[in-house]
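Sequence order for the protein chains is P and G. Taking this note's numbering, the leading residue of the first sequence gets 10, the next gets one more, and so forth. Taking this note's numbering, the leading residue of the second sequence gets 9, the next gets one more, and so forth.
In short, the hints are calculated from the structure, not lab data. Beta carbons are placed, not taken as given, at the ideal position from N, Cα and C, and that holds for glycine. Worth double-checking, as some hints may not be accurate.
As the list claims (entries may be wrong) - Example chain P residues on the side facing chain G (calculated, C-beta under 10 Å, incomplete):
(1) ILE19
(2) GLN79
(3) GLY150
(4) ALA160
(5) GLY165
(6) GLU166
(7) TYR171
(8) GLU175
(9) GLY185
(10) GLU231
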Amino acid sequence: MSQRDVKQRIESVKNIRKITSAMQMVAAARLRRAEQRISALRPYAGAIRRMTRQAAAAAGSEVAGNPILQEHDKLETAAILLVTGDRGLAGAFNSQIIRAGLLAAAEYEAEGVKVRFYAVGRRGVSSLVFRKLDPAGRYVGFTDRPGYADARHIAGELMAAYIDDEVDRVEIFYNGYVSPLTQEVRREVLLPLQQATVDEEIAKAEEESDGSETHHALVEYEPEPAEILQRLIPDYVEISVFRALLESTASEHGARMTAMRSASENAAEVIDDLTLEMNRARQAEITQEIMEVVAGAESLT
Amino acid sequence: MARTPFQVEVLTPEGPIFSGEVEMVSTRTEVGSIGILANHTPLLGMLAPAELKLYISESEIVSFAQGEGYIQVADNHALVLVEEAIKPDELVREDLQAQIDAAEAAIAESEPHTEAQKKALRDQRRAKIFFGILEA
Numbered sequence: 010m011s012q013r014d015v016k017q018r019i020e021s022v023k024n025i026r027k028i029t030s031a032m033q034m035v036a037a038a039r040l041r042r043a044e045q046r047i048s049a050l051r052p053y054a055g056a057i058r059r060m061t062r063q064a065a066a067a068a069g070s071e072v073a074g075n076p077i078l079q080e081h082d083k084l085e086t087a088a089i090l091l092v093t094g095d096r097g098l099a100g101a102f103n104s105q106i107i108r109a110g111l112l113a114a115a116e117y118e119a120e121g122v123k124v125r126f127y128a129v130g131r132r133g134v135s136s137l138v139f140r141k142l143d144p145a146g147r148y149v150g151f152t153d154r155p156g157y158a159d160a161r162h163i164a165g166e167l168m169a170a171y172i173d174d175e176v177d178r179v180e181i182f183y184n185g186y187v188s189p190l191t192q193e194v195r196r197e198v199l200l201p202l203q204q205a206t207v208d209e210e211i212a213k214a215e216e217e218s219d220g221s222e223t224h225h226a227l228v229e230y231e232p233e234p235a236e237i238l239q240r241l242i243p244d245y246v247e248i249s250v251f252r253a254l255l256e257s258t259a260s261e262h263g264a265r266m267t268a269m270r271s272a273s274e275n276a277a278e279v280i281d282d283l284t285l286e287m288n289r290a291r292q293a294e295i296t297q298e299i300m301e302v303v304a305g306a307e308s309l310t
Numbered sequence: 009m010a011r012t013p014f015q016v017e018v019l020t021p022e023g024p025i026f027s028g029e030v031e032m033v034s035t036r037t038e039v040g041s042i043g044i045l046a047n048h049t050p051l052l053g054m055l056a057p058a059e060l061k062l063y064i065s066e067s068e069i070v071s072f073a074q075g076e077g078y079i080q081v082a083d084n085h086a087l088v089l090v091e092e093a094i095k096p097d098e099l100v101r102e103d104l105q106a107q108i109d110a111a112e113a114a115i116a117e118s119e120p121h122t123e124a125q126k127k128a129l130r131d132q133r134r135a136k137i138f139f140g141i142l143e144a
């Protein structure tokens with residue numbers, strides 16, 4: 010390779026490094042914002058839990074009637090919700106979710122259970138479509154910054170499908186956020202909502218209500234506590250979906266940050282190698298010229 | 009005459025929206041309109057989409073378009089828990105119209121009395137009420 014070719018390659022690798030390190034910084038900034046949004050959800054989730062406890066204590070044992078708490082008799086169709094990102098360039102972030110989802114689907118099908126896919130993020134949708142596994146729900150365009158309305162929409166459609174007996178179980182696959190460097194694939198059963206989650210709150214409510222009956226009797230309810238409880242229970246599903254979306258977003262930015270950092274480091278290495286090669290080529294050229302001069306001088310004597 | 013102020017907190021899944029002292033809270037539960045002053049009896053209510061008004065003083069009113077949610081009053085402290093609270097001037101007419109159209113299409117498509125239709129009806133109600141707040 011001539012000196013000029015090497016120089017050009019160094020320039021283009023330097024440009025690539027500029028892009029990857031810019032993407033790394035953008036991802037780092039977005040990651041911080043995504044982390045803040047995860048912590049912003051905590052007070053709301055806590056307040057919903059406390060209200061459930063209060064309503065459950067006042068309503069007595071009328072919770073059991075909610076259709077999303079009831080397990081279906083037969084498992085005929087399972088719904089699998091894959092939470093991926095709209096964009097790539099984030100290492101194994103998208104592919105590991107798709108792989109886990111397809112593996113679970115294969116297991117269900119081996120047991121004779123039909124599988125229905127739902128997908129969040131363009132990456133998930135397009136790889137399902139590519140495999141001719143037409144997703145029943147496609148939710149795209151917000152994975153950079155998911156809003157609660159997105160979670161409510163997704164959770165609402167899944168709950169409607171569950172209550173209307175179209176599916177008998179709903180599982181969610183997403184990248185759980187552990188740290189900026191680590192994401193783990195999480196698989197959770199979304200529906201039926203684990204009775205245990207709600208039971209736990211009710212058990213706590215009963216403990217707390219001991220001796221404070223009079224306190225509860227003074228509380229005004231609009232409408233009846235049982236009715237309030239019926240709406241509070243689906244909120245657990247919405248919050249779970251929202252948390253999964255937020256964690257997935259944080260994971261995506263973390264994964265992209267890591268991927269871009271190693272791309273930048275790799276580019277630096279390539280630049281070093283190329284610079285060495287360029288110096289060698291220059292040295293070779295100089296040596297060549299000296300040889301020519303010496304040879305010329307020798308021929309004169 | 010100025011009314012006694014009390015603490016109010018408005019919380020959404022995306023973070024706190026408002027926290028401070030107000031003289032009155034006006035909103036709507038699934039039963040009907042409600043106004044809350046200082047020293048209100050303990051209350052647990054289920055909120056419907058409506059305009060949430062916080063009267064900081066007689067002349068200063070902060071308002072939001074609230075989605076579905078809950079209100080809890082205890083110990084002279086009101087906690088408003090809503091899935092969304094949008095400033096009226098941040099509502100976008102075209103978006104709301106698109107949401108109404110989408111909900112109406114979903115209603116027409118779904119079988120009567122299914123959960124899918126109930127969901128569409130709720131979406132329609134919310135979008136229509138928000139549209140009304142924008143118009144007002």
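Hint by hint, which ones does the structure fall short of?
1, 2, 3 and 9
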